[in-house]
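Here's the letter readout for the chains.
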Amino acid sequence: MTDTGTHADTRTGPDTVVATGGGRVSTGTARKVRWGIVDIVIVVYALIPVLWTLSLSFKTPEAQTDKKFFPSEWTWQNYKDIFTTNEFVRALINSIGIALISTLIAVVLGTMAAYAIARLDFPGKQALVGVSLLIAMFPQVSLVSPLFEMERNLGLFDTWAGLILPYITFALPLAIYTLSAFFREIPWELEKAAKMDGATPAQAFRRVIAPLAAPGVFTTAILVFIFCWNDFLFAISLTSTTASRTVPAALSFFTGASQFEAPTGTISAAAVVITIPIIFFVLFFQRRIVAGLTSGAVKG
Amino acid sequence: MSQTIDTGAPAEEAVPAKKKPALSEGKRAERRLGWLLCAPAAIVMIAVTGWPIIYSVWLSLQRYDLRFPDERQFVGLSNYAAVLSDKYWWTAFGITSLITVVSVVIELVLGMMLALVMHRTLVGRGLVRTVSLIPYGIVTVVAAFSWFYAWNTDTGYLTALFGAEAPLTEQIPSLLIIILAEVWKTTPFMALLLMAGLALVPDDLLKAASMDGASAWQRFTKVIIPVMKPAILVALLFRTLDAFRIFDNIFVLTKGANNTSSVSMQTYNNLIKGLNLGIGSTMSVLIFLAVAIIAFIFIKLFGAAAPGNDSAGRR
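Chains A and B supply the protein sequences, listed in that same order. In case it helps, the working numbering puts the first sequence at residues 1 to 300. In case it helps, the working numbering puts the second sequence at residues 301 to 615.
Just so you know, the hints here were simulated from the structure itself, not pulled from any lab data. Quantities reported herein were computed from a predicted structural model and do not represent experimental measurements. Among the hints, erroneous ones may be present.
Claimed, not checked - The calculated lysine to any residue pairs, modelled on SDA-like cross-linking and capped at a C-alpha distance of 25 Å, are: (1) A:Lys68 <-> B:Ala516; (2) A:Lys68 <-> B:Ala464; (3) B:Lys573 <-> B:Arg367; (4) A:Lys68 <-> A:Asn86; (5) B:Lys529 <-> A:Gly130; (6) B:Lys573 <-> A:Ser240; (7) A:Lys67 <-> A:Ala213; (8) A:Lys32 <-> B:Ala516; (9) A:Lys80 <-> A:Phe280; (10) A:Lys192 <-> B:Glu330.
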């Protein structure tokens with residue numbers, strides 16, 4: 001930290017540094033190298049557990065216990081194994097279905113509420129914002145006992161709906177905060193301008209407002225999806241069979257190919273499979289995810 | 301659901317309308333639209349949290365063991381007496397608090413450093429931000445299994461590397477590994493929240509401070525930290541409450557063995573393993589109260605900086 005602050009004029013970010021940091025040209029490269037080293041440390045930090053899981057998933061059963069970071073012999077067998085078991089395939093379908101439906105509903109309801117919060121004036125608005133904040137802080141485990149009993153009575157236990165309900169609930173505050181932050185940034189005057197130019201309200205919405213709002217809605221959908229995809233507590237407490245058990249919960253029920261074999265390879269392969277969508281989102285939508293998380297946090 | 305909205309909204313609307321008859325038609329339409337748009341979200345959120353927590357209080361006052369459903373009866377506060385005099389509950393409570401405090405402090409320090417790097421790095425800013433999002437996005441259980449296999453006696457490269465015997469069978473090493481897993485996963489989230497605060501620090505202020513001869517450290521403590529205080533408090537609040545409900549990592553890493561159980565693990569064990577709905581609900585209520593107290597203390601600290609206070613941000 002002290003290293004980086006030696007020059008007063010480095011404060012404004014990379015672009016201005018290049019322009020104004022010419023006072024001591026020789027240090028420019030050295031500083032870049034130092035930053036490069038810091039970057040590498042962060043990359044290693046972030047990737048090591050992922051690479052380790054990846055490595056385990058490609059190791060042969062005999063090599064699982066060799067304690068080497070990289071496999072000496074690569075095999076696809078673990079992946080073949082999980083995709084031939086109903087246990088994993090079913091859990092993957094559950095995970096995808098439940099996360100997608102929850103995301104869709106939470107984003108639709110969240111968009112409606114966030115639009116109202118960002119644009120309309122009505123009593124009770126502060127209360128709604130307060131309720132969302134409370135739910136964002138709500139200890140989820142406190143709901144496990146009552147939901148377990150209520151869902152058993154209502155026949156929702158061990159069904160998709162039984163998981164979708166709590167997921168929507170806990171995703172809504174996230175959706176409302178992120179979306180209302182995005183909606184406040186939209187220049188709504190454009191809608192009026194479009195109408196003055198002769199556009200119908202529907203046209204003004206479709207041609208002007210929807211394209212402006214879409215990125216925010218899309219970002220929120222990613223964040224909500226990650227949240228639902230990640231859940232373990234509800235998934236393990238409110239399910240009992242493969243009918244609705246999602247992958248995170250199913251992992252702990254994996255058994256080895258024979259009872260004398262630890263399920264290390266299959267668990268790792270399954271873990272890699274459910275990490276793929278996350279890596280995809282992170283690689284392609286890094287900027288959006290960062291914007292979504294930070295805007296909700298500061299302006300919320 | 302649409303039925304509930306139709307009957308709910310006009311009834312509420314009638315009250316303010318009587319008080320302020322001068323309300324214009326447009327204003328009333330705006331209110332009605334506002335309520336209509338918010339109603340579904342509000343109904344879902346309240347129905348799935350408010351009612352169950354009340355139901356949970358009711359269940360906590362009963363002896364209700366699903367293995368002996370016939371013996372269900374109202375027992376007043378005796379479940380609370382049983383839990384609060386239980387050694388394991390207090391151990392779990394102590395462990396949970398310890399993990400919460402230690403990991404949040406480490407995350408704050410590392411998160412601040414990471415935020416500074418993400419904000420200011422000269423090279424590879426996109427790369428740093430992208431890889432930082434991996435721990436944030438990855439499924440907690442997946443990461444937990446990775447740490448489990450890294451520290452496990454049979455498979456662990458880290459066990460071999462550090463010459464440890466069986467770290468996950470002893471309390472202190474287990475706790476350190478749990479904290480490591482927790483810190484690894486959530487530091488980037490902390491960093492992102494802090495980075496948002498960092499972006500609000502005006503460059504002019506830093507330049508002025510530096511012209512006046514402030515060192516880098518002085519600029520950090522005297523300028524950056526005070527400006528970022530609200531962002532720091534929000535990040536701390538969310539992470540503290542999140543860390544307090546730690547479950548996934550412990551479930552995978554130790555299953556709560558060797559006194560490494562958290563309050564969430566205890567609740568899960570009593571409910572799903574023990575099928576004791578009365579005790580499980582009592583623990584649910586107690587955790588809810590503990591979280592409410594933590595949140596209350598933080599919000600007292602926030603003052604006007606509370607994120608619910610959005611009136612200033614409205615156009």
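Tested hints:
1. A threshold of 25 Å between alpha carbons decides the hint, and for Lys68 (chain A) with Ala516 (chain B) the separation of about 43 Å lies outside it, so the pair is violated.
2. Taken as a hint, the Lys68 (chain A) and Ala464 (chain B) pair is honoured in the structure, with Cα atoms around 15 Å apart against an allowance of 25 Å.
3. Restraint check for Lys573 (chain B) and Arg367 (chain B): the C-alpha separation of about 11 Å stays at or below 25 Å, so the hint holds.
4. Between Lys68 (chain A) and Asn86 (chain A) the CA atoms are separated by roughly 31 Å; this puts the pair beyond 25 Å, and the hint is violated.
5. Among the hinted pairs, Lys529 (chain B) with Gly130 (chain A) is consistent with the structure: their alpha-carbon atoms are about 21 Å apart, no more than 25 Å.
6. The suggested pairing of Lys573 (chain B) with Ser240 (chain A) holds, with an alpha-carbon distance near 12 Å, which does not exceed 25 Å.
7. A C-alpha spacing of about 50 Å is found between Lys67 (chain A) and Ala213 (chain A), which places the hinted pair above 25 Å, so the restraint is violated.
8. Proposed proximity of Lys32 (chain A) and Ala516 (chain B) is supported: the alpha carbons are some 18 Å apart, at most 25 Å.
9. Restraint check for Lys80 (chain A) and Phe280 (chain A): the C-alpha separation of about 22 Å stays at or below 25 Å, so the hint holds.
10. Taking the CA atoms of Lys192 (chain A) and Glu330 (chain B), the gap is near 17 Å; set against the 25 Å cutoff, the hint holds.
Consistency note: the structure conflicts with the earlier hints numbered 1, 4, 7.
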